[in-house]
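*Asks:* Listed below are the residues making up each chain.
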Amino acid sequence: MSATVEGRCPFGFGGDSDSTSVMTPSQNLGTQAMAPAALPATESAARVPYPVADWVDPAALISDPYPTYERLRREAPVAWVPALKKFLVTSYAGCHAVELDQEIFSANVSGATMNRALGAQPMLRKDDPDHAADRAAINPVLRPKNIKEAWAPVFERNARMYLDVLEEKGPGQADLNRDYAAPVASQNLIDLLGLKDVRVEQMRRWSHDFIAGAGNVLDDQAIWDRCEASRAELDAILDELIPFYQQHPNASMTSALANSGLPFDNVAANVKLTISGGMNEPQHMVTNIVWALSRHTEQLDKVLHDDALWPAVFDETVRWLSPIGMYPRETTQETTLGGVRLPAGAGIGVVVASANRDVDHFGPTAGEFDIFRPKTSHLAFGSGVHLCAGHWAAKTSIGQIAVPLAYQRFPGLRTDETRPETWDGWVFRGITSLPVTWN
Amino acid sequence: MAKISFHHSDGNVDVLDVDPGTSLMRAAVTNGVDGIVGECGGQAMCATCHVYVRPEYLDALPEIGEDEEEMLECTAGPRDETRSRLGCQITVGDGLEQIEVDVPDDQI
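Which chain is which? The protein sequence lines are B and S, in order.
Residues in the first sequence are numbered consecutively from 1, following the working numbering.
Residues in the second sequence are numbered consecutively from 440, following the working numbering.
It should be emphasised that the hints constitute simulated quantities derived from the structure, not laboratory data.
Backbone N, C-alpha and C fix where the C-beta goes; we use that ideal spot for every residue, glycine too.
Do not rely on the hints blindly, as some may be mistaken.
[What the hints assert, rightly or not] Capping the alpha-carbon separation at 16 Å, the derived lysine to aspartate or glutamate pairs in EDC-like fashion look like this:
1) B:Lys85 to B:Glu240
2) B:Lys148 to S:Glu512
3) B:Lys145 to S:Asp473
4) S:Lys442 to S:Glu539
5) B:Lys145 to S:Glu539
[Stated by the list, open to error] Counterexamples of contact, computed for chain S against chain B with all Cβ distances above 10 Å:
6) His446
7) Asp453
8) Ser462
9) Gly480
10) Leu500
[As the list claims (entries may be wrong)] Partial selection, computed: residues in chain S whose CB lies under 10 Å from chain B:
11) Pro501
12) Met510
13) Cys513
Could you build the full structure based on these sequences and the hints that come with them?
*Replies:* Next comes the structure, spelled out in structure tokens:
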């Protein structure tokens, strides 16, 4: 028997494993009905029964999606939702099964507004092997060793810089989102991408414009115009930056893409994808963690006495309050999921925020925040080949640096109940204003 | 067909017959083998398909690549200096018609 080697990973994850996922047939379909007239386009001729959740209300999802998710999981974990013109998959087993099979559940969805918003098809909307060629270029930048050695010091510098801003605002005025989470996430992304001379406000505007474009299903011309203007600004920068990094490579993502041999449009689309998906989520994780710990002070006390618990805090928060609630897939052929027959060409919403509270996977306490729960795989970063490329970067920059440093700097840091907080969204969900105070 | 045996710490064994060219991770995830997560789908971006290869099969394996080496430093279960590998980097067939591995208790 050979000796074991202690892992030297910068990320202190450990604990029990539970990867079991058993497909459960849909049952107790209180709202099951025959398919209505609003069938997916390719199946308009057929009349086939599948659960229809006509009660799902987008406004209710935006205000608080979790009651809707709970009812969907209970009544119809794979259901056609007329208001969204999609099948929503809300069980862990269903979401996991979709992610395992990119041949049947393609990421290359039709009418992808994201492709128009970003000017070309980014890797997130490709399947392998096309996806793999793009993804391979950035993976080395985002593996744990490069994150720790090249980027952790930068993430720490950025966090400390904006802790000063928070302190200037003071415990009666500070907004954790506006004064800390947003600028830290923005500056971290500017640095990780290697974008020179870009200000945090500019990065935030680009990110918001690209996200608005990617979600512009109503074809609002004003949104396309803003998106196009931001794209032009960024393309002008990349026109100079790509040749520069080909001559002077560094540890940044744009440098890696510039030296990957991929064509300009490809590189530019993936930089824009990173800007769209690499800012709001880490930003929301800063505020989500402080919000969750402010409501679970016994757990907070334990964390403040044991730094080794920070990775569990991040992991449990991203499960319980997942910043990315849903992402799309499309069936390439007729298939069956969770006992429900899906036609070819069906739009699928993979609702990972719901899967992450599924009692069939996490047990009866799935709806509770508990950093001490047995380690169980969740889907907050997705799963399979599209697993969030930045997951190590997020765990480091937010879970191990930005949040712990804030608690270190401000004893008694907590949400300020005397000033209102605001939440928004369900596809992407986060806190848009979080007043905080401290002792 | 090639044969993969996943030995669990409770004594249970999952034996799979799979097509040549299949990775240990893909075989395990497709067939619901407990204890193999395979979170990143085989890109060596996570370390959740960690296995301990039984000694008699070690000589038939490809060298550990740079990416795999880095991720083996991030396994949840302790790394074994000779037997630890990522299941996504080992493909059966072509000189490896059979392999037996022990599944760690922890993957995340």
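*Asks:* Run every hint past the structure and note whether it holds.
*Replies:* Verification of the hints:
For the given pair, B:Lys85 sits about 42 Å from B:Glu240 by alpha-carbon distance, which is inconsistent with the 16 Å threshold. With a C-alpha separation of about 13 Å, the suggested pairing of B:Lys148 with S:Glu512 holds against the 16 Å cut-off. With a C-alpha separation of about 28 Å, the suggested pairing of B:Lys145 with S:Asp473 is violated against the 16 Å cut-off. Distance restraint check for S:Lys442 and S:Glu539: the Cα-Cα separation of roughly 8 Å lies within the 16 Å cut-off, and the hinted pair is therefore satisfied.
Simply put, B:Lys145 and S:Glu539 have alpha-carbon atoms about 30 Å apart, too far for the 16 Å limit, and the pair is violated. With a cut of 10 Å on Cβ distances, S:His446 stays outside the contact zone with chain B, its closest approach being about 14 Å. S:Asp453, annotated as away from the interface, keeps every beta carbon of chain B farther than 10 Å; the closest lies near 12 Å. At roughly 13 Å, the least C-beta separation between S:Ser462 and chain B is larger than 10 Å, which holds for a residue marked as non-interface.
Listed as outside the interface, S:Gly480 is inconsistent with that label: its C-beta sits roughly 4 Å from the nearest C-beta of chain B, within the 10 Å cut-off. The beta carbon of S:Leu500 is kept farther than 10 Å from every beta carbon of chain B, the shortest such distance being approximately 15 Å. Using the Cβ-Cβ criterion of 10 Å, the hint placing S:Pro501 at the interface with chain B is not satisfied: the shortest such distance is roughly 18 Å. This hint holds: S:Met510 has a C-beta 7 Å from the nearest C-beta of chain B, less than the 10 Å allowed.
At about 4 Å, the closest approach between the beta carbon of S:Cys513 and any beta carbon in chain B falls short of 10 Å, and the interface hint on this residue holds.
Hints 1, 3, 5, 9, 11 from the earlier list are contradicted by this structure; the remaining hints agree with it.
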